[in-house]
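**Q** If you want the building blocks of each chain, they are given just below.
There are 2 protein chains.
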Amino acid sequence: MLYITGHKNPDTDSICSAIVLAHFLDGAPARLGELNPETEFVLKKFGVMEPELIKSAKDKEIILVDHAEKSQSLDDLDDGKLIGIIDHHKIGITTSEPILYIAKPVGSTATVISELYFRGMMEFIGGKNKELKPDLAGLLLSAILSDTILFKSVTTTDIDRELAEKLAEIAGINDIYAYGMEMLKAKSTVGSMDPEEIVNMDYKDFEFNGKKVGIGQVEVIDVSEVEAKKQDIYKALEEKFKEGYDLILFLITDIMKEGSEVLVVGNKEAFEKAFNVKLNNNSIFLDGVMSRKKQVVPPLEKYYMQ
Amino acid sequence: MLYITGHKNPDTDSICSAIVLAHFLDGAPARLGELNPETEFVLKKFGVMEPELIKSAKDKEIILVDHAEKSQSLDDLDDGKLIGIIDHHKIGITTSEPILYIAKPVGSTATVISELYFRGMMEFIGGKNKELKPDLAGLLLSAILSDTILFKSVTTTDIDRELAEKLAEIAGINDIYAYGMEMLKAKSTVGSMDPEEIVNMDYKDFEFNGKKVGIGQVEVIDVSEVEAKKQDIYKALEEKFKEGYDLILFLITDIMKEGSEVLVVGNKEAFEKAFNVKLNNNSIFLDGVMSRKKQVVPPLEKYYMQ
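The listed protein sequences derive, respectively, from chains A and B.
Heads up: the first sequence is residues 1 to 306, going by full-length UniProt numbering.
Heads up: the second sequence is residues 1 to 306, going by full-length UniProt numbering.
Heads up, some of the hints might be wrong.
To be verified - Covered stretches of chain B, going by a simulated chain A footprint (3 or more residues, C-beta under 8 Å): (1) 121-130; (2) 135-141.
To be verified - In silico EDC-like cross-links for lysine to aspartate or glutamate, where the CA-CA straight-line distance does not exceed 16 Å: (3) A/K302 with B/D254; (4) B/K185 with B/E61; (5) B/K302 with A/E207; (6) A/K302 with B/D78; (7) B/K302 with A/D194; (8) A/K293 with B/E97; (9) A/K302 with B/E196; (10) A/K294 with B/E97; (11) A/K229 with A/D194; (12) B/K235 with B/D287; (13) B/K294 with A/E97; (14) A/K240 with A/D175; (15) B/K302 with A/D205; (16) B/K185 with B/D254; (17) A/K302 with A/D232; (18) B/K211 with B/D254; (19) B/K293 with A/E197; (20) A/K70 with A/D194; (21) B/K152 with B/E40.
Hint data in this document are derived by calculation from the structure and do not stem from the laboratory.
Ideal Cβ positions, reconstructed from N, Cα and C, are used throughout, including at glycine.
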């Protein structure tokens, strides 16, 4: 049985890309954890069921979407049969056999899947030439808007904007910006969440030169709700740090200000050298930094690989 | 400037895929070493110039074809800007930034490129919708025939056969099998080569769990010419072994018998355990084994990763 799955602590791109790709490949969409409030909002909005929660790769054929990093995937990924990856991140995985790999440096995995669809390329990846219905177009649109933070992230490309418009037309969304703000607000309901939930909502593990590094992120329109919980979030990070980390970063991304406050636990020297900055105690605001993938991971990896 | 390059000790697939892809992407085809007799025959047959020899990635944008393994690429690959990989091997490379990656588990890289062309997908990889002229179709056909050893290798898929026929039509090759035999015979001119040349003609380095493993291969229609030089080839392998290897294998693949005699230097226990066989002194004939990628690398890697 073929399963399509995004990464742990799934975000909207991971969930929506898995659902749409499973539709075209006749596989089952899967998730590795609970949905965040934004993704819940999106699935409800377009009337689509949440994917099945899976905990093991055993006896499964697996296609990964939205990640190419073992530390972000099923713990026993090697016990299953990895047959493909559709992604927009760096290559962080090696295999012992040839597989299907489709990746482009664009704003979201949903962008890659949308382009495959609009160019009539589903057969190239072993899928069927089906029609993209409004509900699934809505999921892909939401994933693009979520991952590019309404086209504000540096990861945004022309093709993200172009395809978002085509998808919006199919999905019947007239005002992309208004819909995007509505969706991001759903994500920003951190007021009712406890610190651990906020930290884990969009949290990814990396391994750089044998060192374990965790990077969490929350994107908010109104930063005051998170600000109020900053001390508690930092405590939750310190607790997590005991699980063998060298460094943990947590980005509180201010969508309106277009920058991120970074909370740093652990190897502060690594952070300061990688970004060439000086921390104010445990944190610093990095103007213009909104993308973990493009602006946070590369300098860190470069530092650790030295 | 954009360069498209295959692997070290280039084979027909590496050279022809680089030339054709460079045509569609408006880049320059490059090679990392001397052409083998088969590839020389192919370029002469279709009247295409050999690619430029390059020795450094510095100040270059690079797209890799037919490999995804640092040990098989430019020594200073990290000094250039790797922007893409088009391949049909296992993933053996990681990156620090997102790149274009198109891979499928098919018989050759030329198959992937041909499918991209026939499905009108060149724009998806940033290329132009140009026409595939007979000379370039001939190169892609030759690469498919070479890598699948005339469709006899276990790596062969239906799509390899299908696309080869379409390419043959454009290239004006009426009898694919007859052309393939003619081409393979050119490769088999090992009679006039010295042992080092035979070993290096199609030789690839791998790193498994920190251990350096080299695997060379020669495919012949008439095995007697190589048989006569076996002692000298083994001596050449022993010489090479001094360069920090844990294990070196050399496959003398008998195209007619559809199997390979494997010469083994170094960690013989690793070889015997990985393949669950007993060596006769330094070698063994493995019936049905013709593909390094699919039948030799995976069991070895599995053994070393234990």
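**Q** If a hint holds in the structure, say so; if it doesn't, say that too.
**A** Hint-by-hint comparison with the structure:
1. 121-130: Our answer is that it holds, as 3 residues pass the Cβ test (under 8 Å) against chain A, meeting three.
2. 135-141: Contact hint for the segment 135-141 of chain B vs chain A: violated, 0 residues under 8 Å.
3. A/K302 with B/D254: violated, 46 Å
4. B/K185 with B/E61: Violated. B/K185 to B/E61 sits at ~36 Å, over the 16 Å cutoff.
5. B/K302 with A/E207: The hint is violated at about 21 Å.
6. A/K302 with B/D78: holds, 11 Å
7. B/K302 with A/D194: violated, 44 Å
8. A/K293 with B/E97: Since the Cα atoms of A/K293 and B/E97 sit roughly 8 Å apart, the hinted pair holds (cutoff 16 Å).
9. A/K302 with B/E196: Violated. A/K302 to B/E196 sits at ~39 Å, over the 16 Å cutoff.
10. A/K294 with B/E97: Distance of about 7 Å is within 16 Å: holds.
11. A/K229 with A/D194: Since the Cα atoms of A/K229 and A/D194 sit roughly 9 Å apart, the hinted pair holds (cutoff 16 Å).
12. B/K235 with B/D287: violated, 24 Å
13. B/K294 with A/E97: Cα-Cα ~7 Å, so holds.
14. A/K240 with A/D175: violated, 40 Å
15. B/K302 with A/D205: Roughly 25 Å separates the two Cα atoms, so the pair is violated.
16. B/K185 with B/D254: Holds, at about 12 Å.
17. A/K302 with A/D232: violated, 31 Å
18. B/K211 with B/D254: violated, 29 Å
19. B/K293 with A/E197: violated, 45 Å
20. A/K70 with A/D194: Answer violated: A/K70 to A/D194 is near 28 Å, above 16 Å.
21. B/K152 with B/E40: violated, 22 Å
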